[in-house]
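Based on the sequences and whatever the hints tell you, model everything.
Number of protein chains: 4
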Amino acid sequence: MKKKMILDVDTGVDDAQAIMIALSSPHVEILGITCCHGNTPLENVLKNTLRVLKVCGRLDIPVYKGFSKPLLSNKRNAGDYHGKDGLGDVPDPDAPGVELLQKKKAAQAMIKIAKAHPEEVILVATGPLTNLAVAVQLDPSFPNKLKALYIMGGNTNSRGNTTVCGEFNFVADPESAYIVLDRYTCPTYIASWEFSCRSSLPWSFCDEWLSRKSEKAAFMKKITALSMTKAKSADYQKEVIAGGGFNPCDVFALAAAVDDDFIVEKEEVAVTVELNGTNTRGMMVLDYMELLKKEHKVFIMKTVDLEKLKKMLINAIK
Amino acid sequence: MKKKMILDVDTGVDDAQAIMIALSSPHVEILGITCCHGNTPLENVLKNTLRVLKVCGRLDIPVYKGFSKPLLSNKRNAGDYHGKDGLGDVPDPDAPGVELLQKKKAAQAMIKIAKAHPEEVILVATGPLTNLAVAVQLDPSFPNKLKALYIMGGNTNSRGNTTVCGEFNFVADPESAYIVLDRYTCPTYIASWEFSCRSSLPWSFCDEWLSRKSEKAAFMKKITALSMTKAKSADYQKEVIAGGGFNPCDVFALAAAVDDDFIVEKEEVAVTVELNGTNTRGMMVLDYMELLKKEHKVFIMKTVDLEKLKKMLINAIK
Amino acid sequence: MKKKMILDVDTGVDDAQAIMIALSSPHVEILGITCCHGNTPLENVLKNTLRVLKVCGRLDIPVYKGFSKPLLSNKRNAGDYHGKDGLGDVPDPDAPGVELLQKKKAAQAMIKIAKAHPEEVILVATGPLTNLAVAVQLDPSFPNKLKALYIMGGNTNSRGNTTVCGEFNFVADPESAYIVLDRYTCPTYIASWEFSCRSSLPWSFCDEWLSRKSEKAAFMKKITALSMTKAKSADYQKEVIAGGGFNPCDVFALAAAVDDDFIVEKEEVAVTVELNGTNTRGMMVLDYMELLKKEHKVFIMKTVDLEKLKKMLINAIK
Amino acid sequence: MKKKMILDVDTGVDDAQAIMIALSSPHVEILGITCCHGNTPLENVLKNTLRVLKVCGRLDIPVYKGFSKPLLSNKRNAGDYHGKDGLGDVPDPDAPGVELLQKKKAAQAMIKIAKAHPEEVILVATGPLTNLAVAVQLDPSFPNKLKALYIMGGNTNSRGNTTVCGEFNFVADPESAYIVLDRYTCPTYIASWEFSCRSSLPWSFCDEWLSRKSEKAAFMKKITALSMTKAKSADYQKEVIAGGGFNPCDVFALAAAVDDDFIVEKEEVAVTVELNGTNTRGMMVLDYMELLKKEHKVFIMKTVDLEKLKKMLINAIK
Ligand SMILES: [Ca+2]
Ligand SMILES: [Ca+2]
Ligand SMILES: [Ca+2]
Ligand SMILES: [Ca+2]
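Chains as they are written, first to last, in the numbering used here: chain X, 1 to 318; chain L, 1 to 318; chain H, 1 to 318; chain W, 1 to 318.
Quick caveat, the hints were computed from the structure, so don't treat them as lab data.
Note that the structure is a prediction, hence the values are computed from the model and not measured.
Yeah, the Cβ is synthetic: ideal placement off N, Cα and C, and Gly gets one too.
Treat the hints with care, as some may be off.
[As the list claims (entries may be wrong)] Chain L is faced by these chain X residues, among others (derived, beta-carbon under 8 angstroms):
(1) S68
(2) S158
(3) G160
(4) T280
(5) M289
Right, here's the structure in full:
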């Protein structure tokens with residue numbers, strides 16, 4: 001049986017890479033893609049997502065419009081890194097129009113899909129967690145109907161990439177991240193910022209990967225060019241831990257959802273999100289000492305099979 | 001020329017070890033020991049410090065009474081780990097009396113000593129930083145008169161040992177830690193909790209060390225027994241990162257002050273202390289991205305020469 | 001034309017009083033009652049609301065189930081004051097069953113009703129603001145479709161009734177209160193805790209009122225007895241400012257919505273909610289100095305026509 | 001017997017007025033004036049204080065230098081209102097030099113003076129509370145040696161004059177205000193910002209007062225001119241509650257200390273200072289519900305004898 005997935009994205013270059021891996025995985029069935037504000041304003045996220053599906057010839061996959069703002073409404077975009085349009089600033093004059101979007105909204109769609117396939121759906125979230133936070137508020141039983149949740153977001157060692165101690169996806173909506181880590185008691189796997197830094201691929205692989213010949217490869221090369229340049233800049237290097245290299249953040253969460261053997265080493269620990277700190281607002285907090293007395297624990301990804309990752313990336317652009 | 005030092009302590013078993021290493025270092029001259037609340041109430045700290053000096057035959061070293069409370073006065077002791085009396089609960093009926101203490105108070109004494117030896121004095125702080133915080137308030141020029149400051153305290157990866165994200169010395173007086181990291185612009189070296197965990201010595205060394213024959217060794221064995229048992233407990237292991245072993249926290253700061261070659265690898269970064277978080281109050285914050293625009297940076301200790309450490313520990317109890 | 005209203009309640013004795021005033025006002029048409037957690041768990045709120053409608057012979061009014069938890073899910077009930085069941089602990093064996101509830105959920109119902117009657121609907125909120133917060137997240141244009149919003153909640157002078165500085169409805173879901181004050185840019189009127197204390201009616205009126213003869217009066221007397229006793233207790237008096245008396249909090253918001261001449265004096269000021277304070281979390285903040293640069297201002301109720309209030313209360317139980 | 005006083009000031013026009021009232025009170029003996037950063041940088045405070053003493057022919061009174069920075073060192077001056085030099089920007093070319101200052105520092109001087117006259121000294125604090133906070137840290141028994149403490153500072157109804165909810169003296173050093181309200185358990189009287197607004201004198205009195213003929217009156221008129229103009233401005237009016245008028249803030253605290261019958265109505269309540277709020281940091285918190293379980297309560301001034309105030313002001317410039 002195929003793995004049923006919902007992808008919750010803020011498409012972005014790495015979200016695009018994640019979507020393309022999912023599309024190229026023979027054992028994965030994408031039941032829907034829900035869009036959220038994040039890397040770029042929601043309008044761009046919707047367009048970018050449709051562009052990715054078009055390149056892959058999969059505009060049949062339903063795309064849902066989610067929230068354009070975080071719960072407390074101080075929006076923060078990461079447009080700088082992924083380009084002004086969130087996808088490398090290489091516009092497609094023939095991009096599909098938003099009339100292709102579903103009528104139903106993202107949070108409600110998630111709930112309906114999970115209800116239709118109880119305990120079968122894997123939710124992969126690679127943007128701010130606003131859609132998920134509202135979904136559990138609308139239906140507190142939603143998390144229990146999921147098979148698993150994979151998140152790219154948060155940090156494990158107080159090494160921020162957006163604020164001093166905060167990772168972008170969590171900082172972009174700290175309250176939603178808090179709600180999700182508090183109320184999603186399904187099996188949960190987290191690819192943190194520091195983990196993704198430590199799991200980067202060498203630039204040499206990346207160069208070889210992007211030089212392949214195919215329509216998808218050409219698209220990938222085009223949308224990736226800008227962020228690749230930025231990733232090699234001195235300022236970006238300050239955000240990074242453990243050397244540099246090609247860090248396709250969101251892909252780690254998706255890859256773990258696709259292949260149960262992708263995660264080599266993980267850690268089980270209760271987590272929450274700091275909401276009040278001056279420098280730590282939005283920081284993921286790991287409760288190793290079990291002081292918070294939380295029953296639910298998540299799996300923090302520690303090491304993964306990078307060879308599998310390479311294969312997935314290569315398949316994604318074939 | 002000998003290195004002139006002031007030790008600011010909350011004696012504690014590991015403070016005792018640090019003091020004994022300093023006393024046994026031929027190139028170190030201790031100009032004074034200033035006492036602070038911390039591991040145990042100030043009265044015990046004073047007594048414990050005098051007991052250590054007595055065992056080492058150095059009651060000539062001036063000991064100063066510092067603050068019994070943190071700035072905001074919510075005292076927190078760590079009596080559990082170091083014993084009720086802070087020194088393993090093995091009382092000495094002939095312990096020296098507090099009449100041996102200096103009349104001058106700790107903060108004022110620090111200032112006077114540094115003034116008498118401008119840019120020659122190394123301050124080693126192995127307890128909460130209350131004395132240092134008030135000293136710089138009393139004399140803003142005090143830090144500039146120091147040669148260097150070595151601190152045991154804070155955490156670098158949000159791994160707390162006292163609160164979810166907070167290390168004891170900083171959590172015991174977060175405002176003082178904040179003030180010190182803000183206003184001590186002399187060269188500053190920090191031995192963090194996570195660093196000390198990663199730099200632990202094997203228990204086998206510890207056993208061999210404590211089995212040596214000398215009056216000092218017997219004293220060390222006696223005061224260390226309780227905390228050693230606790231260190232091997234399951235609950236304590238939750239606080240620890242990177243395996244277990246013998247972690248003489250305070251000793252790392254002192255050893256770095258004694259021997260300029262002790263630190264093998266260090267990192268220079270601006271730091272501050274989170275004062276407002278729910279789970280992160282008292283956590284040290286490292287500003288790798290330079291978002292705080294602080295001019296002063298500190299040296300975070302990364303790796304040290306453990307063979308040197310062993311030798312220092314052995315010499316300390318000869 | 002009748003005033004179209006949605007009542008968002010956490011029924012509660014004073015919510016019950018407010019509902020009964022609305023029902024007895026000839027110029028008011030209630031389009032729906034949406035229920036929220038608050039004074040008592042949501043299940044009780046639903047039951048209590050139906051009981052009130054039954055006593056008034058108005059079970060035709062649609063009642064909608066809203067959220068059982070605040071956004072960040074640390075539920076806080078005020079069961080003590082309004083009785084364990086939220087309505088004076090005088091159960092009705094023939095209470096109507098929850099099968100009478102609408103299928104649609106509260107937040108979605110609000111949105112639909114307002115859409116059907118653009119700029120005609122007055123929303124009166126007398127419980128925690130969770131339903132309203134999620135509604136604006138689901139449909140950012142919802143507030144602009146309202147004619148006006150009347151809120152009972154918040155405090156104007158840092159005089160809490162639940163925490164040191166916090167009023168119950170706001171403290172029960174501070175994030176929702178923040179969202180509503182931030183995003184509801186329709187004309188907004190607030191009956192604060194301190195205002196309600198200063199506008200209390202004499203006990204003598206209350207005694208006379210409750211001694212009237214009618215089925216509704218008997219019901220009112222029964223459900224009010226417990227909270228009246230509590231209101232006269234020493235502990236409750238500590239919460240109160242400006243003398244004692246009968247303070248039907250929620251009724252002030254409803255009365256202002258019913259009769260445009262009820263408010264005699266009001267103040268226009270930008271407001272927000274403190275989310276981070278140790279003692280002030282959930283406190284309403286009034287920005288008299290315009291430091292927050294908020295465009296939208298609300299009307300803070302200052303004095304009202306108490307004779308009108310008495311008449312409304314009397315009519316409500318006829 | 002004369003009342004022995006220490007005045008802790010950040011001179012400021014209203015501090016100057018307070019000092020001059022104290023000097024003109026036959027039953028008051030000023031044992032010392034301690035200076036603190038605040039309205040204007042410490043250097044100006046020192047100079048301004050000496051200028052006031054010179055005009056009054058009382059340069060015999062010892063003046064002590066206190067702290068130039070708040071505990072956490074984010075200095076905030078109110079130079080705008082009191083003029084760039086803190087005293088109306090009317091410099092005196094023959095101002096006395098700082099060589100007249102005492103050698104001893106403010107905090108230590110306070111402690112020494114109180115020790116010399118146990119339970120006889122009244123401390124009147126009309127600036128940020130840094131000197132007092134450090135004094136109690138240096139000598140925890142200091143507050144018990146005082147007869148009473150009078151403070152101008154804090155707010156009682158969340159009406160800020162500096163931040164949204166914060167009054168200048170408290171906001172200028174919130175941690176010090178917290179420490180003082182926590183650890184000064186002597187009888188304590190507080191003249192809050194809102195109280196002072198409600199107790200303002202009519203401008204007509206002020207005009208008449210300043211038109212008197214004397215050297216002191218001329219000095220007063222000169223230094224008061226600038227702040228009087230500002231006080232009548234639209235922007236300042238936003239800070240004020242309860243009408244306008246001449247509000248000599250600091251004078252209320254001093255007058256209460258001078259004349260035991262000055263306070264007509266007061267309220268006894270436990271208080272603290274909010275340290276963590278986004279909009280409420282530095283706000284005084286009144287614990288009417290006794291949720292904080294503090295033993296020590298302070299007296300909040302409610303109404304005072306304004307005729308006495310007028311007489312004091314008139315005598316001060318004779
Ligand atoms: Ca993403
Ligand atoms: Ca220590
Ligand atoms: Ca209510
Ligand atoms: Ca002043």
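Quick rundown of the hints versus the structure:
1. S68: S68 (chain X) check fails; min Cβ-Cβ to chain L is 26 angstroms, beyond 8 angstroms.
2. S158: Cβ of S158 (chain X) sits 4 angstroms from chain L, so the hint holds.
3. G160: holds, 7 angstroms
4. T280: Since chain L brings a Cβ to about 4 angstroms from T280 (chain X), closer than 8 angstroms, the hint holds.
5. M289: Because about 5 angstroms separates M289 (chain X) from the closest Cβ in chain L, which is inside the 8 angstroms limit, the hint holds.
Taken one by one, the earlier hints fail for this structure only at number 1.
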